[in-house]
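Spelled out, the chains give:
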Amino acid sequence: MNPLHSTDGLVTFGLRDRWYPLCPSGHVRPGELVRIERAGEQLLLWRDAAGVVHVQEDRCPHRAARLSQGVHMGDRVACNYHGVQVDAEGTVVSVPGSPGCALEGRRVLRTFPAEEHAGAVFAWFGLDESAPPAPLEVPEPIAGGEWSQFLCYVEWDAPYLYSLDNLLDPMHGAFLHRNSHTMFAGKREAVFQIRATDNGFVFEKTDQRGVNFDWVELTHGGADWVTLDIPYPDTAGPGGPFTIVAGLCAISANRHAGFFWRCRKVSGWERDSWRFLYRNRLAARHYAVLEQDREMAEAMPADAWDRENLYQHDIALVRMRRLLKAEAAKQAARLAEPATAAPVPVA
Amino acid sequence: MPSSYENAFGDELEAIYGRGVHDLPGVVAALNSSGVRPAGGEDWTESSFTAELARLSGTEK
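So the protein sequences, as listed, match chains A and B. Be aware that the first sequence starts at 1, since it is given in the numbering used here, and climbs by one per residue. Be aware that the second sequence starts at 1, since it is given in the numbering used here, and climbs by one per residue.
FYI, nobody ran anything at the bench for these hints, they're computed from the structure. Since we're looking at a predicted model, the values are computed, not measured. Glycine included, every Cβ here is placed at the ideal spot set by N, Cα and C. Treat the hints loosely; a few may be bogus.
As the list claims (entries may be wrong) - A few chain B residues that don't get close to chain A, going by computed Cβ distances all over 10 Å: (1) G18; (2) R37; (3) G40; (4) G41; (5) E42; (6) D43; (7) W44; (8) T50.
Said to hold, decoys possible - Covered, in the sense of this in silico footprint (three residues per stretch, anywhere, with C-beta under 8 Å from a C-beta of chain A), are these stretches of chain B: (9) 10 to 17; (10) 29 to 36.
If we strip away everything but chain A, and leave its shape as in the complex, we get:
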């Protein structure tokens, strides 16, 4: 059974009807065919002659050879096995070995709506792949305008859910990152509350704000985002705290891609100063902090969720997992419904 048709599989690899960030834009170079695995799918990414990125299943509709081993032909991709050519819409445009065969003209390659934003390639994985995607709505700090941002991209050997747990657990900042440049302050005890929003929730300390990693927001909609603020020390110059917008995508059950946009609402010389210091100093320090998270996440046991004893600081995790599981169960049930359309006959 396709794991993406079960509740557990959808929790493990990511819900459908979602936009996921797949990789930094720079990973898909003009003229190249890029193979990646994301969200339980084996994908081919390529840019057409106009530079527009396309995301398709890495599977020739003829005999399932890897299209990523094929030839980039500008507006189409040719399979290297038998030369079958498929365009950006997923339509077979030529079968050189058997011209005029029934495969020609058929739209048979699974093709995922794709967009680029804030330096990353996003794709929509729909429950019903024939339905149009929801619009890709991004959080304000990476929407452009007054904010300035840098994308930090990582791949970790851990389930994406461990990263999500980590992001929804602000209290670890005062412990794991106590020797960092940003999270050295803040009390080791805190009382949290959850505040529902239109599209998710905010999890926040009730007795402390702007000192450490004190609140986090989960936005759960056409894409899942985690947003949080971390105060900078004075040495980072004017402009206030920095904001992290995070997006996660499973690569496999035990590996995931993490997108951490580090953002600051700064303009003019203050913006230039931050961008200079970021490149010259802050990026390396931020990375060292993220490495602490990686080491923790990668060393977690595979059955971490099975033998936990959670306490009050963990209510955001509980809420998030309940949301995920409930939606995964609903999606799995929809996928189990008998198909209403007759299957397309094999030519």
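Starting from the structure of chain A, add chain B where the hints point.
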């Protein structure tokens, strides 16, 4: 790799900011009492300082 000048400029900026000086005239004055000077050796002005930041941040076209 950043140049030695960029590192020295970064050092001075961090030190000045770390003292809580975050306003433009204050930063320029503090920079002028440091050892870091523009390539020509002259004093910093608000305009030369902001132009240099734009250059170093990659904002300058």
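Evaluated hints:
1. G18: violated, 4 Å
2. R37: holds, 17 Å
3. G40: The claim stands: G40 (chain B) keeps its Cβ more than 10 Å from every Cβ of chain A (closest is about 20 Å).
4. G41: holds, 21 Å
5. E42: At roughly 19 Å from the nearest Cβ of chain A, E42 (chain B) sits farther out than 10 Å, so the non-interface label holds.
6. D43: holds, 17 Å
7. W44: holds, 12 Å
8. T50: violated, 4 Å
9. 10 to 17: holds (count 5)
10. 29 to 36: Since 0 is below three, the answer is violated.
Violation of the numbered hints given earlier is confined to hints 1, 8 and 10; the remaining hints are satisfied by the structure.
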